[in-house]
Every structure is written in C-alpha cells, then in structure tokens.
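**Q** Sequence:
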Amino acid sequence: MTEKKPHKTFTNWAETYGPIYSIKTGANTIVVLSSSELAKEAMVTRFSSISTRKLTNALRILTCDKSIVAISDYDEFHKTAKRHVLTSVLGPTAQRRFRIHRDTLVENVSKQLHDLVRTDPNEAVNLRKSFQSELFGLALKQALGKDIEAIYVEGLDATLPREELLNILVLDIMEGAIDVDWRDFFPYLKWVPNKSFEHRIQRKHLRREAVMKALIADQRKRINSGEELNSYIDYLLSEANTLTEKQTLMLLWEAIIETSDTTLVSTEWAMYELAKDPKRQEQLFLEIQNVCGSNKITEEKLCQLPYLCAVFHETLRKYSPVP
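Sequence positions in the sequence shown follow my numbering and run 1 to 323.
No wet-lab data here; the hints were simulated from the structure. It is possible that some hints are incorrect.
[Said to hold, decoys possible] Computed Cβ-Cβ distance ranges for the label pairs, DEER-style:
#, residue 1, residue 2, range
1, 244, 128, 32 to 42 Å
2, 158, 309, 41 to 51 Å
3, 118, 43, 43 to 53 Å
4, 302, 238, 43 to 53 Å
5, 309, 60, 32 to 42 Å
6, 159, 203, 33 to 43 Å
7, 43, 97, 48 to 58 Å
8, 286, 155, 47 to 57 Å
9, 74, 202, 27 to 37 Å
10, 154, 302, 40 to 50 Å
11, 286, 22, 20 to 30 Å
12, 121, 286, 21 to 31 Å
13, 206, 244, 15 to 25 Å
Remember, predicted model here, so these are calculated numbers, not experimental data. Quick reminder that beta carbons are idealized off the backbone N, C-alpha and C, glycines included.
Can you build the whole structure from these sequences, using the hints too?
**A** Next up, the structure:
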C-alpha cells in the first residue's frame, strides 16, 4: 500500500475479485469501486450518504482539514464553496469570460512548439516545459486576474520568481499528497512520532500558506485602489462574505492547483499515445483538416471533432490524472 499509484494495483485486483471489493489496510477497511457504473452510483446517486471522507495525514494537513471543494464533506461549506467556484470559474458564463486567457494559452504553446521544431527538427520536443508554464499562467489569471512574474513573500522573507511559485503551489503539494505515513494504516499507533514525515508535510503546507497570503495581500491592495479584474479573488472578496480567511485562501489555491496539474497530465498521456501510433495520428489529422481546413482549431469547432474528444476520453479512462 506504499505504492505511489495504487489505482493500478486496484485495477489488477478487480480482474480477480470483481468491480467492487474491500481490503484491509492495517486497522482500516476500504471499499474499492472499479467500474464507471458503480463509481457514478456512489459519487452521484449516493454522494450525500458516503461523502464523509477519511483522509490520510498528508491530505488532512495539505487541505487544511477539508477546506477545499474536492475533498470537503457534503455539508453547508461544500455546497457554498461549490456554488462559488461554479459561478466564478467553472460555470458556462465564467468560462466565456475566461475565453481570452485560454486562447492566449493555445497561441503561446503553439508558437513555442513551432519555434522548437524550426530550430532543430530532429530534437525531441519537451511538451511539459511549455505547457506547464502556460497552464500555470492561466490558473493565475483566472484566480487572481493576472499572471505573476515574481512576488515578495513576507513569511519567507524572499522574493520568489514565477518558477518557484509553481513549485510551492503545485509541484510540492502534489508530491506531498501521495506521501505515505504508516500511521494512516494503524490509527491506534498515531501517538508514535513520525518526525521526518511531519517535517516534510508541514514545510510544504507553511510555504504554500505564506505564498498564498502574499498573493492575496497583493490583490487586496489592487482591489482597494479601485482596480477591478475578472477573477476568482475579486468575486470571493466581494460576494463570499461567509468564508473565513483560511477558507478563502484554500479555495483560491484549489483553483490554481487544479487548473495547473490534471490538464497537463492528461495532455501528456494523450500526446504520448499519439506519438507512438501513426495510424491514429493520421485519423485525427484528417478529422481536424476536414473540419478546420487550414484554419486554427477553435472551441466552437470541438463539437464537430468526435475523434479528438474520443482521444481524450480514452486517455482519461486509461491514465487517471489523479490516483
């Protein structure tokens, strides 16, 4: 159970034990669902009855005791926070407002990849380097209203460049989320210290908190000066009056990390599969050419590209971006 990607083991076990089975992890019993039908019934039809979530020690600390939508129990906070994120970030109206930022991302990534190919046609292209940076920029624009090149963080007494912000807000936390504390499996021994684990997770949490406080303080100054931007923080500070400071901080951070990571992982896997399959590359190319001709793909054209949609559906089925 110390495996970093346990879903692969669970999938293999499902071939022997069926789509629903239980396992003992130390003193705990876990029920595993391995089919989309069962998962839909549990997470949609019966969500309210199973949504009190037992977290690992790492996730408990990194989510500040379930202070984000994705991990929170089905309670008033969950319903309120979900309404805020749908209204300001994920809903159709919000997505139309953020369209300009997505178009900028596509244009920038496309230009960088074409430049790399022109410079050295035989060199392998590192998609992650370009795409990750642009996704992080998109996340910051949606959450804070603008990209951030550097910021002074009082809690760390340092001016941090954008690359370090990405590490602290996204990469370090993703690494910490899968960190294993053996006490999760033996709760009756939770009194036993595990100093190295506690130090690693607390350091990631405190650095993330310090950076988010600095970003929020910077945007408060901007808002107080009368400058308004289309952003999640503008919405939360004006409309979400019932949220605590910690909840506001965590909801903003959630919007940043979820935009920055899962899209990147899914796209990398899709490109990996296409890169080694010329037949499907050709089929996808012909579909795009038939629909778009020599023009660029736009969001309006996506509904006319069923094979492209199928590529990403199959990628999500085969390579879950979140264990």
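**Q** Which of the listed hints are broken here?
**A** Hints 4, 6, 7 and 11 contradicted; others consistent.
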